[in-house]
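A.B. asks: So you can see what is in the structure, the chains are spelled out below.
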Amino acid sequence: MAAPITPQPGHSAAQEFLHNLRRLPNTFKDAWLRLGKVPESEREESQATFHNFFLHIHSVRVHVRTLSPTLTLGLGLIAVSSFVLLCITGVLLMVYYKPSTALAYESMKDIHFTVATGRFVRNLHRWSAHVMVLAVFLHMARVFFTASYKKPREFNWLIGLALLVVTLGLSFTGYLLPWDQLAYWAITIGSNIANSPRELTDAVGITEWLDPGGFQRRLLLGANYVGEDALIRFYVLHVFVLPVVLVILVSVHFWRIRKDGGLARPEDPMGGPAEWGAKMRPVFQPLASKTYGLMAVVRGRRPPVNRGPENTMMSWPHLFWAELAVFMLTVLVTLALSFFFDAPLKEIANPAIPENPAKAPWYFLGIQELVSYSAFTGGLVIPLVALLGLALIPFLDRRPGGEGVWFGTPGEGQVAGRSALFGLAAAVGMLAFTVNLGWLRNWFPQIPQLWILFINPGSLLVLLYAGWSLWVLKQKNSVRLAAVALFTCFLVGFTVLTYFATVHRGPNWEFYWWPSQWPVH
Amino acid sequence: MPDNEPAGSRLDPPRVSRRSFLSLASLASFFAAIGVAAAGVFRLPAPTVLPGPMRRTKVGQVEDLPVGSERLFPKENVFVFRDEEGIYAMSAVCTHLGCTVSRTGEGFACPCHGSRFGSAGDVLGGPAPRPLPQLEVTRAADGQLVVLADNEVPAGTRFRV
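Chains A and B are the protein sequences, given in the same order.
Going by the numbering used here, 4 is the number at position 4 of the first sequence; the sequence numbering is gapless.
Count along the second sequence from 1, then add 1000; that gives the number in the numbering used here.
Honestly, the hints are just simulated from the structure, not real lab data.
The reader is advised that the hints may include incorrect statements.
To be verified - Pulled a few chain A residues facing chain B out of the computed Cβ check, cut under 7 Å:
1. G222
2. A223
3. A375
All C-beta atoms, glycine included, are put in the ideal place defined by N, C-alpha and C.
Input sequences plus hints: build the corresponding full structure.
C.D. replies: Structure (structure tokens):
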């Protein structure tokens, strides 16, 4: 029954009004915060997590291992933190940025030189993007080397790969917007990579009937040349389509972490609480007189019957302090970088002549090196094969073991070390060979393009890595170790190519030991 | 399930009732309609009209091009040459990924991925899949030479003057 709305005996409506007005701060606080005070018991700590929209994606209790900084290195959270910064600074930049070829560059200059704090906000946007890309790469490596993709986390590994692609897409569409030299030639090259299936269809002679490359290029550019239509398309992708896709994917990613039983970790030993971490943190102490609700139980292979959820601790405050610390660290680092280093802005786009050398940002330089062997193979086939290989890992490696422990499979550290050496030697050897002796076109100028499409330094490197992985599979008789070999090789190969293209490629994409040796003109 | 339950009851319904058939049919037609509409709407980003700059470039009178000369028209990315046999034009757009090539001693070089071409546009090295194409040269009504950038012609073609 509803409370009577008439005032209590002896009180007028005006008195009640005044009474309610005086209590307004308290009633509003109750309505807003639900709990309304700092939690004092475990029950209230559960409520603090459970009743809050932003916190309730976490379970009420987490396993102590989850809070070990050396397990996750906080990389996923760093990526999300930088994405938060990117959203805030991105909206601020949208206030002044004008997506038109005539005005874009001028508006960037305005943001840099005229708009109050514009330069700092743009720096923050650029640096957060760098941090996010780096964190996403490292996060993937962390998940791989702790075998955290294994059943039941296969699907979340796939979501993670999609997030990697969307993150790179956001970076690419982002650095096109200033319409400077980097932007213009990056769009030109990017859209021509989309066009590069023509390299194959031309070589086979079917472009007239089947032209997926031309279709992709027209879809990206909206025209036959790089101009207004292309800029507005990339702008729409950058400020709306890709961020929305990313937010949806991240939500599913988080939700699956919870549903897949929290972060991957080895099984707890039977019996009492594990020693691990018990000394540092207030690990759960089961009470004989208490029963525990379902919300305290996370999914695992061994339900904690009659034992309580041991080795877990309250998310509030321990997990939230840890997360806040990672967020603050990310903000601090990006703020410091933005304070000391300006985001680059090249000269205004000049369709007549590219910069020499015209280099992409660091995360695409490895691909640029591959593209300098063959556009179709290096720009589309090898990245797609690598993505496909990564996607297949959790479905080919089904044997449980080693989850949540760095290099946890027996012999994994050794295989990873040797694979790193092999990957390094193969990549450096291939680069040295190509730089010194050239490739098929230099030896046989009339050779059909089809040969170069299939046989080039990039494809041979991939084959070498695949061969090494198969050899490990045979020698060690373990799918996991073969996957470790392949992943390590690719990681090292990617790093070597990125370093090589950054430091050792100069004007006309020729080899130089140092940028100081580049010819002056 | 108890055996005495009559057929068609709540526990043993007929396989597809009239009502569920109608529900399924309406659902199916709804999704079919949405599918067709979506296919039509997603046609939107594929442009029907491809806007672009004029691909015919006036490059001056024959007298502006003495024998042995070479001119670059940077806005249109076209090289125009004249040798003893006649006048010919070559695209300055790399056939690899579309950067603009620049003149070097041996011919042309691309700054983006290191393709190298000979002075006739033939590929000497690097990733370029095709030679730099020669473009059609013709003469406009006012006597000026015109390069038609959309029309490729075989290497060695000359506009005789």
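A.B. asks: None of the hints should be skipped; say for each whether it holds.
C.D. replies: Here is what the structure says about each hint:
1. Look at A:G222: its Cβ gets to within about 5 Å of chain B, closer than 7 Å, so that hint holds up.
2. A hinted interface residue such as A:A223 counts as satisfied when its beta carbon comes closer than 7 Å to some beta carbon of chain B; here the least separation is about 5 Å, so the hint holds.
3. Proximity of A:A375 to chain B holds as hinted, the smallest CB-CB distance being about 6 Å (cut-off 7 Å).
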